[in-house]
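Keeping the supplied structure of chain A fixed, place chain B upon it in accordance with the hints.
2 protein chains.
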Amino acid sequence: MASQPKVTDTFWRRYMDVVRDEVIPYQWEALNDRVEGAAKSHAIENIRIAAGLAEGEFHGFVFQDSDVAKWLEAVAYSLATDPNPELEKTADELIDLLGNAQQEDGYLNTYFTVKEPNSRWTNLRDQHELYCAGHMIEAAVAYYEATGKRKLLDIMCRFADCIDSVFGEEDGKIKGYDGHQEIELALVKLYEVTGNEKYLNLSKFFIDERGKQPHFFDKESEVRGDTKPFWYFGSYKYSQSHLPVREQQEAVGHSVRAMYMYAAMADLAFKTGDDKLKTACKTLWDNVTNKQMYITAGIGSSEFGEAFSFDYDLPNDLCYTETCASIGLVFWAKRMLNLEVNSSYADVMERALYNGTISGMDLDGKKFFYVNPLEVWPEACSRHDKRHVKPVRQMWFNCACCPPNLARLIASIGHYIYTERNDEIFVNLYMGNEAIFDIKDKKVYMNQKTEYPWDGTVSMSVSPEESMKFTIALRIPGWCRNAQLKVNGEKVAIENTVNGYVYLKRTWNPDDQIELILEMPVDRIKAHPSVRENVGKTALQMGPIVYCLEEVDNSPNLPNIFLPKHARLETHFDNELLGGVVVIKAEANRLKESDWGSALYKAADEKYYPHTLTAVPYYAWCNREPGEMLVWMNEK
Amino acid sequence: MASQPKVTDTFWRRYMDVVRDEVIPYQWEALNDRVEGAAKSHAIENIRIAAGLAEGEFHGFVFQDSDVAKWLEAVAYSLATDPNPELEKTADELIDLLGNAQQEDGYLNTYFTVKEPNSRWTNLRDQHELYCAGHMIEAAVAYYEATGKRKLLDIMCRFADCIDSVFGEEDGKIKGYDGHQEIELALVKLYEVTGNEKYLNLSKFFIDERGKQPHFFDKESEVRGDTKPFWYFGSYKYSQSHLPVREQQEAVGHSVRAMYMYAAMADLAFKTGDDKLKTACKTLWDNVTNKQMYITAGIGSSEFGEAFSFDYDLPNDLCYTETCASIGLVFWAKRMLNLEVNSSYADVMERALYNGTISGMDLDGKKFFYVNPLEVWPEACSRHDKRHVKPVRQMWFNCACCPPNLARLIASIGHYIYTERNDEIFVNLYMGNEAIFDIKDKKVYMNQKTEYPWDGTVSMSVSPEESMKFTIALRIPGWCRNAQLKVNGEKVAIENTVNGYVYLKRTWNPDDQIELILEMPVDRIKAHPSVRENVGKTALQMGPIVYCLEEVDNSPNLPNIFLPKHARLETHFDNELLGGVVVIKAEANRLKESDWGSALYKAADEKYYPHTLTAVPYYAWCNREPGEMLVWMNEK
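Read top to bottom, the protein sequences are chains A and B.
Its first residue numbered 1, the first sequence is counted upward by one per residue in our numbering.
Its first residue numbered 1001, the second sequence is counted upward by one per residue in our numbering.
Just chain A, same shape as in the assembly (with noise of 0.2 Å):
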């Protein structure tokens, strides 16, 4: 693509202008401790004393200089579709500040150069040292590309190439990898913008490493005298070191670590023609989403180790669903679909980005949810096993890993529309934008118009410079049952797509037209019969937007509403509610609590009333009055 497409899109604009208007600026304040009651960051103070600037401790996590990356980043895919001087001014001081913070062989940790000098590389396991450096390159690659300024990429590769002095096969090197994988897909980015295939052999080489036995990690406890068993229930399935990669069947562990490994292994798979790689992403990618995943394509369903737990066990009121696995879902969709076209993939990856990432964020990008349960009764948070299930959003985390990597997904949402392949285009989502591709060394135009997801009318125009063959492939998403597609006014027939794309193989001339119509019904979804917790329930899905219950259009228990099986499901457009949604509506049962009495348990027929159930799209509850939340609902 000779560029990132410029979002027009009503729904994905939104998000975006909320992004550049109130997330960058407000966690520039944060990162810079200047926002009044909220947690302090020292963020920016740490990187100042690293510099030399400032005299102090370091403060924060040990990962704290990852927020200052995910900030620039996300500041970065921003510039490139908005351009701001000012704020470019400040990304630029920022990054003349991270060069001073830069050690003389390279080094960038603020937390080892201020707090651990001594220590650098001596505890892979817990301390994020390679993270850091891996959201500082991602970093450093998207504010090239966004500005063409080299400074922050130079500086990383300056550390990248620190970093492969260090680690490696070669002898008196450390075979060694980090706990918290980020870097492998970080190398990757680097070795596409750069070419030096260094960097990419070091990527695969934290990717093949990594579980081997003896472990790396216990070698590494040893040296430092760590007898400790591994609190994760003594075991490296935490970070998924459990095994070699290419023998894991099953996501296990820290659902965020999970998937930015996979998201490499697919990178590196593709990049390097990786056969039983490819398998095993593949296979991971099965279990993680007919298995593991909730329908707002949420991962990890257990709060101890932010972790997945086992097949089919998805529990709606105990999940952890961080926004960040969410985010590292679509992360590696996008690159299974370089890896294999295959609308499964873009299935999921579209179901996350209209569900499980955005609901992290309110509306107006002032407060974040860091779990994102699909069940909330707010007085069952008060329980010890719940707290980490905030009912309501807050306003900035101690470990604030989420809201800046929201920031970073929403202002490169155009990069996920598109896959190329040679002379193919695929169309993996449909939203508003302007592309521009270059085929056979041509430009091609394609702009794609449309009011999804609120409707499933996409019209496309498709203008190569001159007329010529090529492909473009648009996916049939799995919600849709009846789909038309015009090319020019004329129906082309759709049975035969091919992993779930209509092939357009054609010679395309300047200004032809595609129209796409997306049958959007609202659909009962049920979840599989293994899943505990949802049988006997339904869940409301219109296109790819999953719905919920609210106590504010609702009232209080939620759980004793039944959607009779063939309850019929209004909906309409309310352009003033939640920036403009689609409501559905539809007439329920409602047990009577009135008449029970006092008694806990009797041996008594339930009474109903009727209610008309309102329901809203899951990503923006909680943006009015808070209160209980409520996916799956009764089905009578």
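To be clear, the hints were calculated from the coordinates, so they are not data collected in a lab.
You may find that some hints are simply not true.
Chain B residues, not near chain A, derived (Cβ > 12 Å throughout) [what the hints assert, rightly or not]:
1. ASP1096
2. LEU1485
3. VAL1487
Here are the simulated EDC-like pairs of lysine to aspartate or glutamate, each with C-alpha atoms no more than 16 Å apart in a straight line [unchecked claim]:
4. B:LYS1636 to A:GLU635
5. B:LYS1505 to B:GLU1519
6. B:LYS1602 to A:ASP523
7. A:LYS636 to B:ASP1605
8. B:LYS1291 to A:GLU593
9. A:LYS291 to B:GLU1379
10. B:LYS1592 to B:ASP1605
11. B:LYS1565 to A:ASP523
12. B:LYS1189 to B:ASP1154
Quick reminder that beta carbons are idealized off the backbone N, C-alpha and C, glycines included.
Quick look at chain B alone, frame taken from chain A:
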């Protein structure tokens, strides 16, 4: 009552035999560290060390002595009904040993004597010092009543005198109380058996002092220099000392502590006529039994703090529902019946006795549940937040409070059958027994025969020494909607129950016969609509017995079984099964997994297949092959 009724009941006699033949001997071995493979108790060794008869360190919990006390109490009850000279000799020797371990001033606690001799009474909040004393007092009272031997009673009177010299309102005395209530109810027993009002007053002092401000635990912590906030959400709700007891309206905190305290409050309200205390007892009773109790009479919805959570929060899979807590509920109920005869107390007592208490032990008396969940998916017990839920009973616990507590309850089960008040005999429970009452200085012999809980027919013969007028009041259980009553073959109307009891006030002659037939169909029980967990679900109950589904009878994935609303519930008594139980069968429907495919979510109608559901008594679950278990089943 002249003495403890002689229990002849088929159901309970089997349990009493198990306690006598298995539990008591096994626990003695365990207390003496002679059980291979079990966690070392060290409890007897601690006493030997304290007595100067052995050298070594104290080992175990600070409350290790209480295991010995509870064992001794169980022995006493067992000896009362089943004399056993050898066991009595063992007990006498243990009592001699305890005498040797008692200090000059009467003090008796092996932890402090051996490990922290200079720290007596410095950390009442955490160290269970008075708690252990309480249990030993209960043992002493029971042993005296069973054997007539005063030695342990005298030992414990001396210790109680020592405690009385240390605690009280007078200057120089500690104005405090124990973090774990227990001594309060024990001192009432000591008062009852000795007639010494000092013990009643000391109990009242502890109850009255609790929760006063400035808070004793704060003052005590300050003296120790302990400035950490209390670990339980920083709240003394944990030990029900957050408010003066008369102001408490909701059950909070550690549920066993709560039960022991409420039991003592009921005792004191009864003995002292304190109306405010009585009102508090009734308010708390209403809260516990109508808002915070499982259908099994399990209590404690939260593992953290082994505690109550809040009204209607009754998760079936996350609950704590400790065996000891249900036992405590029985203690409290019995005392509420003294305070005010009302079948609502006896109903709960019965519910606890036939469900949530005895579920804590396998049928052989060899393995024990500490936590009694209402829904078990064994795989899910690997989750960190469900690790307290064991899918199978354990041999002996590190913290072994439940097994000896259950032993003492079962061995004294006869104590719970009747409540006496002047010339009134209240029959609370139906179980085969022979009892002798003193009424107007004459003996009244009662002989109850029944196959309860499997059949609701109860025959009672009443034989006063000579004809006289008095009242026998029979409880009509809350679960019974049709009962028939005959006295000497003549039908007696039972419309006019008073607080759930039919009062038979008449002249009773030798060998009068009462026949009570309690209709005992299988009921589909519903939970209050505010119990979100159980909406759309039903539990089966026959008489006092709550039923459950087990994997061994129904194959895996129990939540996918739907009991049709009008399915016939067939019962049959299976003499071979689980020691002889009534089994419930019904034609149910089950979600079909086989043709669902691999998709985790889809817009599809569920398919069902017929399944003959088998339900067995909850208390007897996990006595065959381990697996899933479910009380609240889906209904359609």
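task: Of all the hints given earlier, name the ones this structure violates by number, lowest first.
output: 5 and 11
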